Structure formats: C-alpha cells, structure tokens
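Participant: This is what each chain is made of:
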Amino acid sequence: MPWYLYLACKQLFPSGRFPFFTAISVLGVTLGVAVLIIVTSVMGGFGYEIRRMIVETEGEVDVKVTGYLSDPQDVLAQISATPGVAAATPYVKGVVGVQANSRPAYPLFRGVDVGTIERVANLGRFTNPPSAIANLDDDSVVLSSQLATSLGVHVGDKIEIYSPLLIEKLKNDEVFLPREFRVVGELYIGHQQLDSSTIYGTLRAAQELYGLGRSVHGIYVRLKPDVDEHAVVARLNTTLPRATTQAYSWMESWADFLWVLNLEKSINFFLLLFIVIIAAFSVMSSLLISVVRKTREIGLLGALGARPRDVALCFCAQAFIIGLTGTAIGVGMGFGVLAIRNDLVHGIARLMQRQETLRQFYQFSDLPSHTLTSDLVMTVVASIVISTLAGLIPAWRAARLKPVEALRSE
Amino acid sequence: MSEVVLAARGLRKSYQSGGLRIEVLRGVDIALGAGESVSIRGESGSGKSTLLNLLAGLDTPDGGNLSWGGEPANANRRATFLGIVFQSFYLIPEIDALANVLMAARMVKAPGAVERARAQDLIARVGLAERATHLPAQLSGGERQRVAVARALMNAPKLLLADEPTGNLDEQTGDAVVELLLGLCRETQTALVLVTHNAAYAAKTGRQLFLRDGVLNGSNSVAVSSR
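Top line first, the protein sequences correspond to chains S and Z. Under the numbering used here, the first residue of the first sequence carries the number 692, and numbering increases by one thereafter. Under the numbering used here, the first residue of the second sequence carries the number 21, and numbering increases by one thereafter.
Just so you know, these hints were derived from the structure itself, not from any lab. Since we're looking at a predicted model, the values are computed, not measured. Even glycine gets a Cβ: it sits at the ideal position worked out from N, Cα and C. Misleading hints may appear alongside valid ones.
Reference listing, derived: stretches of chain Z covered by chain S, where coverage requires no fewer than 3 residues with Cβ under 8 Å from a Cβ of chain S [to be verified]:
no., segment
1, 76–85
2, 99–110
3, 117–126
Assemble the whole structure, with the sequences as input and the hints as a guide.
Facilitator: Here is the structure:
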C-alpha cells in the first residue's frame, strides 16, 4: 500500500478507533446518502406500485378506440394473433352515478368480460372474495373498498346506478329508472384513487348502462413474459385499423403522470444532494483543520522524502475514505430505514391517532419502496465524488507547505 | 581518503527581516567521508539549523554547491541517501513506534518482510523491542528520540543529520541518545553531522566545527570535492 494511503487510513482510524473528527465527517455523508436512498427508493416505489397496479388491472397494452368499437371480435382476433400477445379482453368504462343509503357517489364503472378478464388482469388478487369478478352476473357488481365504506354498503347489499344515458332519455322526456345491482365483493388495490371510486361489473351491464349494444370502448392486452411491449405496440399499430384504433403501452397511457413522478424524483434527488454537498464542506473544513494541526507532520513527511504530490494524495485519500465509509454506512442505514418504513409510518400515525386519515388521503396504504440500480449507482458515485472533491483544497494547501517552514511552525 | 559522502562549497543563505537583509551563512565549506562524524556548534541564531536544512536539501541556498555522494543534491534522493533526527522527534502520533520506523521505508516502496525485519532489528538496537507497539504518546522523550534515530537509519542512509537531538532531553537521556547515534553510525559506517550546543557531545565526534559569523571554523580532514 502506498504510504499516503496507509497514513490516510491511520490518521482517520488510528489503532482501530473512530475519532470524533472522523465520526462527524463520516456521519454527514452517511445522513446525506441515507436520505437520498430513502427518498429515491420511495419515489421509485410509487412508480413501481403504479406500474404493478396498472399492469395487474389493465394489462400492459391498452387498445383505445375513437368513439366505440361496434364489432370487437375481429379486432380481438387480430390482436390475439399478434406475436407477443398472451390474451386480450374488451372493456367499457365510464363515469356513473351511484346511490345507496341516500349517499351519492360518482365512480368509474368498468365493464369487463368475465370470461376473459382474468387472462389479462389479475383482479382476483385484489377482491374479497377472490372469486368475486369470476362470479359476476349482469345484476351484480364489485365495489372498491373505500367506495363501499363511503356508501355504507356491504357484500349482499343493493345499490342503484344512474348512467349518462339517463340524462339523454330525460331530454327526450323518456322515463329511465336507475338500475339496481347487488354487491358481491369488494376490491382493495392499495391505490387511493382506484380504491375510492371504482366499480367492476360485467361488460353487458356496462354496455346496457351506456346504450352501446355490443360495442366496446377498448381492449386490454396482456403480453407474454419478457416481451418488449414497445415492439408489440408498434406491431399492433401497423396491423389494426389506424383510423379507429390506437394501441398504447401502459407507459404511454400514463405518460404524463409518470413524467411528473419522474420529475418529482429528479427534483428531490437534486435538492437532497445538497445534504451531501454540505457534508462535503464539513469534510473540507475538518481536513483544513487537520492540515493546520499537522503542519509539522507534513514537514516531517517532506523531510523523509515525500513528494508534494503524494502529500496531496494523502489528504485526497482521506476525503475519499470518508466519502466511501459514509456512503457504505449510508447505504446500509438507508436500506435499514426502508425495511422498517411501514412500521415507522404507521407508528407515527398511531401516535398522532391519524391512521384513518393516512388510509383516506395517502396514495397507498403502505409506503412503497423500489430501488432502481441506476438510482443507487448515481447516489453512491455522486456522494463519493463530491466527498473526494472536498479534499482537493486541503490537499492543495498541504502540498504547498515547504518542509523547512512546516517544521518551524508553532 | 574515504568516499566523500557530503560536500558543500560556498553555501550562502540570507533572510529578509523587517527591511533588513540578514546574511546567515556567508560561504560555508564542509566535506564528510563515509563513517565520519562531525559536530557543528555555534551560538543561538548563528545559523546551525539553517545550515543543516541546506545540507538536508530541505531549503535552497542563495549560492554555493552541494553534493551527496559525489552527485548534486536532489530532493528525490533524500529518502534513500540521508536520515534526519530533529530536536522535537516529530513522530507520527497515530502509529506505533515500529510503524514510525517503517514509515521511512514506505517513502521508498511498500515494505516487505525484509524491511519489517530491519525495522524490528533497529527498534531492538535502540533498546525498544518491548515497546515497539506503543504509540508515541506512551513513550518518554528519550524513547521517542530513540525511535526517531531508528527511523533515520531505516533506509541505511549514507549520511545522518542530527539537529540538536538532545535539546528536549535531560542530561542522562541525552548522553544515551548521543552514544547511541555515534555507536550506530560507527557500526553502519554512516557519516554523521551533529548540531549541538553541548561541548561534551561535540567532543565525542571525530571533528568539531564552530559556526561563527556565517562561516565554519575548524578542521576539515576530507578535501572538499571539486564538483
């Protein structure tokens, strides 16, 4: 090991101890890295959870129709025959009015083909009972959990649904009564928006509510594992009639939302990077004090034959080791906090008696976390580089000291 | 005549102080052969330490020539050609006595088994085998200076420069350190320049020189190299 690296280690950790100066410098970097990892992972978790929910409830590709598709069977056959496609299912969706126990709500009604929906969307995972979607008939619905709570209904209760068609009928002085549906299950996805305002019913019931006959609004598509969704989307867009249908990957469908999510993550990363930059100033300040405190030692090194370049490297190495140690501990601390994040969040909510508020207004019932390798690498590299750069000024000052003057200093 | 280890001719050095130019050295000539020892005495402020710094290549002279082993002095050769013992020991406080001795070897290359064995041998020869793993703070002044002597001899230098090595020690410890220095230099055929105030210590060296008015007075038994 070169002497400057050896001495840098010994000065930071003499005889295996962790001196106060080293501890403070390392702690600054540790906190910065831990916060960066926690925030980027939680932000990444939001993105990941959203992807999971979209894909598991709508499939990877959404073939949208301009207006409505009057004969979906041909298009369905075309889609199913496209390489990379595992399954496809038609849907009808639109806002409806719901009333139960004199409480109104305006959720999204999703009409799905009971026979094929489970091949595309894994809805059974989110419903209670799990067979609720499979057992749907034209007079039954599955309500999202928060919608059921806000309407005060349970499985077995009845609700009334008013469709926009009712307004059209009223314009023509026709009487159109709301349709009565039986609640056969509850849906709990874990996303505040979906859990608070979604109803699943059969495709036929939705077509009836919207007066669509046999037409549908679109087709959800599930892809085979490890298939490039962009390639399949491109393939679908070349084979399907361009004037009426357009295939979108889940990322394209949610592009604006994902862009905002990504922007938030980037802004958070940039702002939190300042913690590491401030920690780097602390490292620089500590090393500058060290240069002053060890002036005579630096002179001695010169007298022993050390070159100014090596003296500089000794201080740069100290900054690098502080950055490396702080980053390593910070990564551990960040993942440690992430491991108990839900206990922490629920503990704080319990302490403040705000569990219900948390459930109602928070996007997810649990704090999601998903660490992208690219985020981790960026955090680690940025913190080590910034910490090492903090050693440049102390290193430059130490290298400029003339041995004879340094040895004479008081 | 033995091999010339150190040769200085016409070394001059002056300092600017408060608008006044003080000429500290006005043309110092000195030459030293292998295994020789020489003492330099002088009043406080006479320029002894300045001269030693010039001889060690730590400072640049205003004029004159300096050669080590017949070649012009060069800072890159300092680690292997000479060892220095300071009045204030200057041990690195974070590492133990043995590691301080090995530090001189590290300046040249990463120490291997040979260097470690030599460092242990030197520590034993200065009487600190039992205290090799002690930090400088756990050693007395005399012990620290002995570690500094071992460090100065670590790279088997041709020349050892000692700048008042007993200045911070009591008489008894000082005697022991000087005896150690002289003994080791004799044993290893290392040339020694001892800067001291003490006439008794000076008398123990082969030649005694006195620095007065910026020039050295005394006998030079080895001819100054023409280089």
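Participant: Hint by hint, note whether the structure agrees.
Facilitator: Here is how each hint holds up against the structure:
1. With a threshold of 8 Å between beta carbons, the proposed coverage of the segment 76–85 of chain Z by chain S holds, since 3 of its residues qualify and at least three are required.
2. Figure legend: the segment 99–110 of chain Z, annotated as covered by chain S; annotation consistent (6 residues with Cβ-Cβ distances under 8 Å, at least 3 required).
3. Figure legend: the segment 117–126 of chain Z, annotated as covered by chain S; annotation consistent (4 residues with Cβ-Cβ distances under 8 Å, at least 3 required).
Taken one by one, the earlier hints all hold for this structure without exception.
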